[in-house]
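Take the sequences, apply the hints, and build the full model.
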Amino acid sequence: MTRDNLVSEVMNMKNEGCRFVTMSTVLTAEDAVDVLYHFEKDFEVTHLRLADQPLAEPVPSISGVYFCAMLAENELRDLFGMRFTGLVLDFNRTLFLDEEVTTVPLVNNCKITPTN
Amino acid sequence: MLYLTPSVLKNMVKKPATRNYPFAVREPFDHYRGELVINPEDCILCGSCMRKCPSLCITVDKKAETWECDPYACIYCGHCVSVCPTHCLSMKNVHRAPAPQKVLMSEKGHPPQKKKKAAEAE
Amino acid sequence: MFKSLIKNSRAKSPWIMHFDCGSCNGCDIEVLACLTPLYDVERFGVVNVGNPKHADVLLVTGTVNHRNKKVLKNLYDQMPEPKAVIAIGACGATGGVFRDAYNVVGGVDKVIPVDVYVPGCPAKPEAIIDGVVEGLKKFQQKVEQAG
Amino acid sequence: MSNLLSILILLPVLSALACYIVRSGAVRRLVVTVTGGVLSVASVALLLRGSFEAWSPGTLFGLSWDLIITVLDFALLGVILYYGFKLKSLFIQIFTLAQIVLLSVFEFIIVEHVAVPAFRADNLSLIMVLIVSIIGSLICIFGLPYMNRHEKHLNLQKTKQPEFFFYLVIFLGAMNGLVLANNILWLYFFFEVTSLCSFRLIGHDGTKVAVANATRALWMNSFGGLGFVVGMMLAYNAVETLSIAALLTAGPQGALALTGVALICFAGFVKAAQVPFQSWLLGAMVAPTPVSALLHSSTMVKAGVYIVLRLAPAYQGTLLSDTIAICGAFTFVACAALAIGQSNGKKILAYSTISNLGLIVACAGLNTPLAITAAIMLIIFHAVSKSLLFLCVGTIEQEIGSRDIEDMRGLYERMPRTSFLAITGVLTMLLPPFGVLLGKWMAIEAAAGSIWVIIMLALGSALTVVYWARWGGGMMGSRKPGQPSESLPLLINLPLMLLCIGAVGLSAATPAIYANLIQPMLSSAALAVNTTTGSLGAFAVYGLYIALGLGLFVAFRAGRRAPVLRKVGPYMGGANLGEDGSFNGPMNQPVAFGAGNLYLSELFGEQKLTMWVNIAGAALLVLMIGGGL
Amino acid sequence: MARTVIPFGPQHPVLPEPIHLKLVVEDEIVKEAVPALGYVHRGLEMLVAKRDYHQMIQVCERVCGICSMIHAVCYSQTIEEMMGIEVPKRAQVLRVIWSELHRMHSHLLWLGLFADAFGFEALFMQIWKIRERILDINEATAGNRVIVSVNVIGGVRADLNPEQRDWIESELKIIEKELKEIQSTVLNDYTVKARTVGKGILTYEQAWELGAAGPTLRGSGVKSDMRMLKYGGYKLLDFEPVVETAGDSWARAAVRFREVLQSIDLVRQAIAKIPRGDRDLAAKVKGNPEGEAFMRVEQPRGECVYYIKASGKKNLDRMRIRTPTFANVPPLLAMVPNCELADVPVIVLSIDPCISCTER
Amino acid sequence: MKYVILAFIGLVVAPLAGGLLAGIDRRITARLQSRQGPPIRQALYDVLKLFGKEGLALNKWQIICAWVYLIAAALACTLFFLQSDLLLIFFVQAVGAVFLVMGAMAGRSPYSQVGAQRELIQVLTYEPLLVLVFVCMYLAAGSFNISDILAVESPLLAQLPLAYIVLTYILTIKLRKSPFDFSTSHHGHQELVKGVLTEYSGPYLALTEVAHWYETVLLLGVCALFWTTNWLWMAVLLMATYFLELVIDNTMARMTWRWMLKYVWGIGLAMSVVNLIWLYAG
Ligand code: NFV
Ligand code: SF4
Ligand code: SF4
Ligand code: SF4
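Line by line, the protein sequences give chains A, B, C, D, E and F. The opening position of the first sequence corresponds to residue 1 in the working numbering, with each subsequent residue numbered one higher. The opening position of the second sequence corresponds to residue 1001 in the working numbering, with each subsequent residue numbered one higher. The opening position of the third sequence corresponds to residue 2001 in the working numbering, with each subsequent residue numbered one higher. The opening position of the fourth sequence corresponds to residue 3001 in the working numbering, with each subsequent residue numbered one higher. The opening position of the fifth sequence corresponds to residue 4001 in the working numbering, with each subsequent residue numbered one higher. The opening position of the sixth sequence corresponds to residue 5001 in the working numbering, with each subsequent residue numbered one higher.
If you are wondering where the hints come from, they were derived from the structure by calculation, not from laboratory data. Accuracy of the hints is not assured; some may be wrong.
Here are the simulated DSS-like pairs of lysine-lysine, each with C-alpha atoms no more than 27 angstroms apart in a straight line [to be verified]:
(1) Lys-2003(C) with Lys-2070(C)
(2) Lys-2073(C) with Lys-1102(B)
(3) Lys-4050(E) with Lys-2110(C)
(4) Lys-4031(E) with Lys-4173(E)
(5) Lys-3152(D) with Lys-3088(D)
(6) Lys-2003(C) with Lys-2110(C)
(7) Lys-2070(C) with Lys-1102(B)
(8) Lys-1052(B) with Lys-4314(E)
(9) Lys-4050(E) with Lys-1102(B)
(10) Lys-1010(B) with Lys-4193(E)
This is the structure in C-alpha cells:
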C-alpha cells in the first residue's frame, strides 16, 4: 500500500463492512515509520501497512472515511509528530501534550518543530 | 418504582456493614503486600532487586555498601522479594503508615564474607 | 466560647475533595471505596464535596503531568483556608512507576505543598483513612500556629 | 375646584400646544418641567380637597362644554378615520365609521340632553389623578434628555420632538379628564383621545415596524371604542342617564344593560391589552422608552382597568363579574407564562404589565371590598415600579445598545447606579413588603373562594417570580475597586431616583394609604358592601418593613467585606484562566464565559403559546359578553 | 438566545477521572460538546525504552488500576506469542479467574458510579458494598485489592489452594444473591429507566462504523466479544456473549449487569477446570522477544489491542496499546449533542470511560 | 410574654432543631445505605467549622444575597411560630428563595448560573402548589391565620388528605431530596456541583445551611398543622412524613427538571383541585 492509494484502500475496507480497530506506528529508521491500519471483520483482523513513511511528509487522513480514526491520528500527531492532511478534527498536537513537552516523545527525543 | 425499598429497609434494621476501622482493625490477609522490609543483616548487596524492580526505586551501591529504597516510589509489587537470593527482603501484611514527610529507607548492607553492624537511619 | 466551639468542630468535620491528577484509577477507586458502607468515612464527618470552595482537605491521587498541574494549582488556590493536602499512592508522592516518563512532572509536592503522604500502590482504604487522620493532626497544628 | 380641574386637564393641553408651536428646545424643557411640577402639585391639592360628587364646567364663550365635547368627539373620530384611510387599514375605517354612525344615532336620536355633571371624583379617581400627574410628569421630564440622545442616536436632521411632546403632554390631560369624568360621553371622548395619542406616539419613529404597530394599536382600540359606543347605548337604554354615578348606584340592571356594561368593560379590556388584545401593547415597544413607560404605568392601560374597576358596582354579584375575574386571571397567567419565554427586556416588562393588569381586572371581577382594595393597591404600586423599570431599561438601552436581559448580565459592573435602581425596581415588583406584593397577597386572599381564579393566580404568581428573579439576579455583578461609575444627565437621574424612592417609600405607607384613601371609599355608597377589612394589619406591614429593612442593612454591611476577601475565580472544574469566568478549553484555547437563562422554549415559546392563549382568551371574552345576556 | 458555556471537568465530582468537555447548552440542551484529553497522559508507551520487557508487565498493569489484570494478561500473551512460550494450563485458568474477578469488580464499580451519575446514592452504596467482597478475594489470593500483580511472562506467580477455592465459591454465592436483590432496581426501576432509556442512542450501524467496543458495541446489538476468540483459558469454558439491542444507556447498563452474572459463572467454571496434578505455574523464559505481534483481549470495557515490536533486545522497540475507551470516545461524541445537560454524566458514563487507559 | 417566647423558639430553637434534624437525617440515610453514619451533631459541627473558615465570594452581591436568604428564612420561621398569616409567611420565605437564586446569578460562574435557573424551575413548581395547599387549609379552617387553624377541632388531615400528599411533594423539593435534588443537594455528586451553592464558601455557605434549617423547620411546621389536635399524633405524622422522605430519597434516582415540571404540576394540580372541589362541595 502506498500513500496515494491509502484512502481508496481504506474505503474498500469500509465497503466490505470492516470495523476500524486502530492504527499503530513503529519507528523503522531515524525519521521514518511504518504505519499499520488494523481492520476487523468477523473476528478476522486485516492489517494494512504503509511502509517506511518519512515523518516529515504528511499522510492523507482516513478520518474522512472512518471518523473514529480521528483520535488515533491525533495521537500520532502528538507522539510522533506526524502530519495528516484532511483531519476532520485537528487538535494540532494538543490532544495530550502541552508546550512544556519540547520533544517529540517517541522519536528519540528530537526537538519539536514549531507548529503551523 | 421503589424497587430498592425492601433493601434499604432491611439495611435499616440490620447492623451496618461498616468496619469500624481504625477502632477495630480486621485481621489482615497473609499475602497482602503492605510494606517492604529488609533484614540488612542478610543483604549481600547483589543488586538483583535493583535490576528487577519495575519502579527503579532500589539503589544498591556496592562501594558505599548501602541499600536504599524509596518507599514512596515503591509500587509494592513484590518482585524484589521473589528475586532476592538471601530472602532478606519481605513484605509485611499491614500497610505502611502515612507520614507527613517522605523518607528514604537506607540501610547498610553486608557484602558476602564481611560482617558489619547495620545501622538504621531515617 | 464560640471560638473554641469552632475550633473543636474543625477536626470533626473535614470535608474532602478528591482530585484525580492523572492516576491510574487504582488509588482513585480506593478513595471512593472509603465512602462506601464498609469504610464509611462519614463516621468522622468526612463528606466528599467535589468542589474546592467547600473543601478542607484535598486528596490528590496520581502523578502530576504538564496539563493537569495548572488545574491542581487552580483547585488548591480556590480552597478556603485552613486547608490540607494529602497525596495518595506512589504516584502522588513521587510519580511512582511513571516518574521517568516524558509527560510526568512528578509528585504532587512539585506543584503545591503536601501535608501527608500515603504510600502504597494503590493505597488501601485503611491507609487512606489513616492518612486523613494524620492530615487532620497537621491541620490542627496549622490552625494553632496561625492563632 | 374649577381651577384645579382646569389645571389638571387644560394646562397639559396648553403646554402641549406650546411645545408644538414654539419649537425651541430650551422652551420645551422649561414648559415640560414646569407643567410637570404644577400638575403634581395640583394633583396633591386635589387630593387634599377630597372627593366631590359633581361638578360641571359650565360654558366656554357661551357654548356649553357638552356641545364642545360632542363636536370635538366627531372631529376626533374624523381624524382617526383620516388615518384609517391614510394607512389603508380597513379595520380602522370600518370600526370608526361604525362609531360615527352609532354615535350620531346615540347623540342625536336617543339621548335626551338633560344636564349631567361632567366631573365627579371619588378616592379612586383622586388616586388615579395622582398617578397620572406625578408619575406621568416624571416620565415626561425623563423624556427630555432621553429624546435628545435618542435623536442623536437616530441621526435625525430635523427634530421631531415638538410633536412628540405635544402628544406626550396632552396625554396626561386626557387621562386626568378620563378618570374624573362622570358624564359617560365625556369619558368616551377622553377615551378616544388616549387612543389617538397612543397611536401617534407609537408611530413616532416613523419606521415601517413603528407604523405597522401603531396601526394595529389604533384598529384594536377603535374596536374597543366601538364596543364602548354600543355598550353606552345599551346601558343608557336601561338607566336612562348619562351619569356614571347613577349607573353605578343603580347596580346590576337586567340582561341588556349588563351586556352594555360588559361591552364597556370590553373596551377597557382592549385598552388594558388583555388577551387576546395583548399584541398592540407589545407592538408599542417600538416607540421611544418614555412612551412605553407612559403607556404601561400611568396612562392608557390604566385607563382600561380604571373603566373596568369603575364599573365594578354595576355588575356586582352577577355572572359577568365572575367571568371578568376569570378573564383577568387568565390574562395574568397567560402573560406571565409568555414573559418566561422572553429575553427582550422591554417585552418582559410589557408582558408583566399585561399580566398585572389581568390581576387587577381579576380583582375587579372578584368584586369584594378586599379585592377592590387589592386592585387599587396594585394600580398604585404597579405604576410606580413599572415606570421606574421602564425608565431604567431605557437608560440602560441607550448606554449598552441592547434591551436584551442577557446583555444586561453583570451590568452592575458598568452601570452600578442604574442597575441598582433597576434591581430595586424588580424587587418592588415581586417581594414583600413592597406594595405590589401586598396587592397580590390581598388578591389571593380575596380569590380563595373561587377555585378557578385562585388556581390561575397561584400559577401566575409563581411564573412571575421566575422572570423577575432571573432578571434582577442577572444584573448583579462584580466591580473592581476604583472603577468609575456611569454618568448620566440630571434629568434622567432625578426621575429614576424619585421613582425608586417612591416605590420603596410608598410601600411603607400602605397602611396609611389604605386607611385614608381606600377604606373610606369602600364604605361609601358606590362600593359598599359589608366592610370586612382585609388582613392587612398595620403591624404586619410595619413589622415586616422594619425587620426586612434591618436585614438588608445587615446584609449590605456584610457585603462591604467583599473587597477584602481573597480573590479567586469561579468554580470551573479547575480549568480557570483568571477570575472572569474564562477557562482553558479544548486544544488549550481560552473560552470566554457565557451564560443564558432557561427560556423553556418548548413550553413557553412565544409563537405557539400565543396562539393558544389567543384562542382561549377570545373564547373567554365571548363567554364574558355572552354571560351578560 | 444566549448560550451557557460549561467547562465540564477536568475536576468534576461526577467524572471519576479528569477529562474536559466544553459544553455549550441552550435551555439546558447540549448544542455542542468538544472534549479535551491529556489530563492523565503520562507517556507510558515510551517507558519501553527504560524498562526491560519483564518490568514492563508492572507498568502495563498500571495503565489502569481497574482493568490492570487483563492488561497484564494481554501484554504477557503478546510477548509469549512472540517468543513461542507455552503457558501452563493451570496458569491459563488462574488468569481467567482473576481476569473475571477484575471484570466483575470493574463492572460493579462502574454500575455504582453510573448510579451516582443519576443521583441514586443508595444504589451506589449498595453496589459498592457488594463489590468489596471481590476485592477481598483479590487481596487474600493475590496480595492486593486492586492491582494484583500476579502475572509474569510465561504464567502467574500465585496459586489458589483448595480452601481458597471453596471460599471463593461461597463468596460468589453471596455476591450472586445480593446482585439478584438489586437486579430489578437496576433494570426495571421507574426512575432509573426514566434516566437511562433512550438516552445516548447508538444504532447498530453507528456503533460498527464509529468503531465502538465492548458493552457499548454489544449494547447496540453487535455480537462481538473478544473472549469468543478463545484465547488463553477461555478455550476451556462455555461462553456466550451478552447482547442487548436498544443501543441506549439502559442497554449498556443491562449488558454490564448481566455480564457480572456471567462472570460469576465463568469463575465457577474456571475453578472447576483447575487441573488437579499439574502444579506448574509459569513456563521458563529464556532470551529476548523478537518480531511483531498483535493481540486482542476482552477488557471489561471491550476489546483491548496490544501491538508490540521487538528486535531481540531486552527493551522492546515499540509497544502500542489501543484501549477500549479510546475506541469508545468517537461514539460518545456522536451521542452527546442534543441531550439534556442532566444526561451528560449519564451518557458519558454509559460508555464506562476509563481515561487513564485512553491516554496511558 | 407568650409572643416573646414564641419568637425565641422560632428564632433560636428552630434552627438548632433543624440542625439536629439534619444530623438525624444523615444518620438515618447512612443506615438506610447500610453505613454507620456520622454523629447526630454532625450538621452542627459542619456549620460551626464553616464559620471558622475563610470566606470566598465572587462579589458583594453574593454575600448580601446569602444574608438576605438567611434573614428571610429566619423571619418566615419566626412568623410561623408567632402564628401569623400563612400567606404572609409564604411570601416572606419567597424572599429568601428569590435571593438565593439572585445570589447564584450574581457571579460569572456557569455552574451556579445553571443552578439558579434550575432553582427557579423548582420555585415555579412548588409555589403554586404551596399556595393551593394554603388555600385548602383556608377553606377547611376558615382563615389563613395559624392561630385560627390551631383552633380547629378536628385534624385537618381528615379533610385534606390530598393536599397533604401535595405538601409532601413540596417538602421533597424544598428539602432537596432525590428525585428533585438538581439545583443543589446535600451531597455534591451531581452534575452541577451543588449548583446554586457552588460559589459560596466558608461562613457564607454556613449561612445558607442555617437558612436551610429554618426552612426545614418551617415546612415541617406546616405539615404539623395538619394534625393539631393531639401532640402525639402530630409527632407521629411528622416522623412518618420525614421517614418517608428519607426512603424516597434513597430509593429514587435524580430526575430532570423537565420531568418534574410536568409530573409534579400535573399530579399536584390535579390533587389540589380535587381536594378543593371536595371542600367546596362539602
Ligand atoms: N476495561 C478497561 Fe481499561 C483498558 N484497557 C479501558 O478503557 O480500564 Ni481502565
Ligand atoms: S516491591 Fe516492587 S517496586 Fe517495591 S521495591 Fe520491590 S520490586 Fe521495587
Ligand atoms: S536485598 Fe536481596 S536482592 Fe537486594 S541486594 Fe540485597 S541480597 Fe540482593
Ligand atoms: S500509586 Fe499505583 S495505584 Fe495509585 S495511581 Fe499510581 S500507579 Fe495507580
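Taking the hints in turn, this is what the structure says about them:
1. About 35 angstroms separates the Cα atoms of Lys-2003(C) and Lys-2070(C), which puts this hinted pair outside 27 angstroms; it is violated.
2. The suggested pairing of Lys-2073(C) with Lys-1102(B) holds, with an alpha-carbon distance near 21 angstroms, which does not exceed 27 angstroms.
3. Note on Lys-4050(E) and Lys-2110(C): the hinted pairing holds, with a Cα-Cα distance of about 23 angstroms set against a maximum of 27 angstroms.
4. A C-alpha spacing of about 47 angstroms is found between Lys-4031(E) and Lys-4173(E), which places the hinted pair above 27 angstroms, so the restraint is violated.
5. At most 27 angstroms may separate the alpha-carbon atoms for a hinted pair to count; Lys-3152(D) and Lys-3088(D) exceed this at roughly 32 angstroms.
6. The straight-line distance between the Cα atoms of Lys-2003(C) and Lys-2110(C) is roughly 35 angstroms, outside the 27 angstroms bound, and the hint therefore fails.
7. Between Lys-2070(C) and Lys-1102(B) the alpha-carbon distance is near 24 angstroms, which keeps this suggested pair within the 27 angstroms criterion.
8. Between Lys-1052(B) and Lys-4314(E), the direct Cα distance comes to roughly 12 angstroms. Compliance with the 27 angstroms bound is thereby established for this hinted pair.
9. Only pairs whose Cα atoms come within 27 angstroms are accepted, and Lys-4050(E) paired with Lys-1102(B) is accepted, the gap being roughly 25 angstroms.
10. For a cut-off of 27 angstroms, the pair hint linking Lys-1010(B) to Lys-4193(E) stands: about 24 angstroms separates their Cα positions.
Comparing the model with each earlier hint shows violations of hints 1, 4, 5 and 6; every other hint is respected.
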